[in-house]
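K.L.:
The chain contents come next:
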Amino acid sequence: MTYISKVLDRDLSNEPITVLVVDDEEGPREALRMILKDRCSVFTAKDESEALFRITESNVDVDIVALDVRLGEKDGIGVLQAIKRVAPDVEVFLITGYPSIDSAIRAMRYGAYDYIIKPFDKHMVREVVRKGVLRQSQSLFEKRERIRNNRPKEALYERGGK
Amino acid sequence: MKEGVNEMGGTLRSNKILVIDDEEGPRQSLKMILKDDYEVLTTDDPVKALEIIVKGDIDIVALDIKMPKVNGIEILHNIKKTSPDVEVFLITGFPSVSTAIEAIQYGAYDYVVKPFDRDAVLNVVRRGLNRRSQNMLEKEVLGDLRFLKWV
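Those sequence lines, one after another, are chains A and B. In terms of numbering that gives the first Met the number 0, the first sequence has 39 at position 40, counting the first letter as 1, and numbering is strictly consecutive. In terms of numbering that gives the first Met the number 0, the second sequence has 73 at position 74, counting the first letter as 1, and numbering is strictly consecutive.
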């Protein structure tokens with residue numbers, strides 16, 4: 000699905016929400032899967048390349064990414080940047096067991112929409128995912144409105160519009 | 000403040016920065032850092048600030064988190080509700096993980112600690128302006144692409 004057709008044609012209300020959990024440890028990956036599996040399709044990845052493969056090359060449209068601040072020796076914020084480069088409409092929240100001002104500020108700079116601390120509270124996790132879905136729908140809605148406002152009248156008539 | 004001239008001989012609008020802080024010191028120090036490159040407005044009154052922002056042409060807001068009568072995070076929330084295209088960075092003398100997390104949640108794009116480092120402030124403002132124009136460009140491009148599809 001191209002970016003423009005995703006913005007124009009995707010009907011979020013009729014599609015299941017897809018969450019990708021990126022964490023190098025199995026515990027948090029499975030904990031988030033358990034919390035979210037009743038309401039979302041949940042996929043997991045243990046590192047950057049698996050995450051980017053899932054987002055760009057699989058047939059699934061990922062909506063929300065839960066991303067660990069530290070992926071083994073790798074900095075999760077670098078993965079956040081890579082995700083935002085290839086898929087700017089995917090909403091990302093950071094997860095960490097070791098919160099710090101530095102990682103929170105860098106998360107903000109590179110476009111994460113939330114930052115939550117392990118161990119997970121299931122209500123909070125569901126709320127954060129809900130917020131991400133709302134944010135994504137709102138952003139797609141605004142883009143569609145913008146496109147509609149720029150639509151020339153002739154084109155509307157060609158398509159049978161009034 | 001420098002006034003630019005475009006290719007057609009018209010004057011380019013300078014980017015406008017609004018500083019909201021209850022203390023005169025930080026307001027003046029941000030003004031000193033930014034005034035050569037941008038038009039800088041300052042206020043200690045959050046209500047007045049929201050009026051200025053709603054009127055239109057503010058590009059970037061520098062917002063103090065801790066003010067006596069009102070929480071900066073609430074102001075951030077209001078700005079983003081009424082003017083989502085305005086980019087906001089927070090300023091604080093007392094950085095904490097919890098305010099940094101709230102800043103992310105309510106859509107700030109950066110968080111700057113007092114006392115100010117001149118280059119860091121200039122970088123943060125430049126980044127905010129880039130982010131703003133990128134967002135606007137993206138919306139324009141999407142409109143144009145749709146138009147081209149129909150032509």
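There could be a bad hint or two in this list.
As the list claims (entries may be wrong) - Here are the computed lysine to aspartate or glutamate pairs in the EDC-like style, where the Cα-Cα straight-line distance is at most 16 Å: (1) K65(B) - E22(B); (2) K65(B) - D21(B); (3) K142(A) - D84(B); (4) K79(B) - E141(A); (5) K68(B) - D84(B); (6) K80(B) - E141(A); (7) K83(A) - D60(A); (8) K54(B) - D84(B); (9) K73(A) - D23(A); (10) K83(A) - E137(B); (11) K113(B) - E23(B); (12) K34(B) - D58(B); (13) K142(A) - E137(B); (14) K15(B) - D56(B); (15) K45(A) - E24(A).
Said to hold, decoys possible - Covered stretches of chain B, as calculated for chain A (at least 3 residues, CB under 8 Å): (16) 91-98; (17) 107-118.
Note that these hints are calculated values from the structure, not bench results. Glycine included, C-beta positions come from ideal geometry on N, C-alpha and C.
K.L.:
Now, for every hint given, state plainly whether the structure supports it.
P.N.:
How the hints compare with the structure:
no. : hint              : in the structure
1   : K65(B) - E22(B)   : holds, 10 Å
2   : K65(B) - D21(B)   : holds, 9 Å
3   : K142(A) - D84(B)  : holds, 13 Å
4   : K79(B) - E141(A)  : holds, 14 Å
5   : K68(B) - D84(B)   : violated, 26 Å
6   : K80(B) - E141(A)  : holds, 14 Å
7   : K83(A) - D60(A)   : holds, 14 Å
8   : K54(B) - D84(B)   : holds, 13 Å
9   : K73(A) - D23(A)   : holds, 10 Å
10  : K83(A) - E137(B)  : holds, 14 Å
11  : K113(B) - E23(B)  : holds, 13 Å
12  : K34(B) - D58(B)   : holds, 14 Å
13  : K142(A) - E137(B) : holds, 9 Å
14  : K15(B) - D56(B)   : holds, 7 Å
15  : K45(A) - E24(A)   : holds, 7 Å
16  : 91-98             : holds (count 3)
17  : 107-118           : holds (count 4)
Checked against the numbered hints given earlier, this structure breaks only hint 5.
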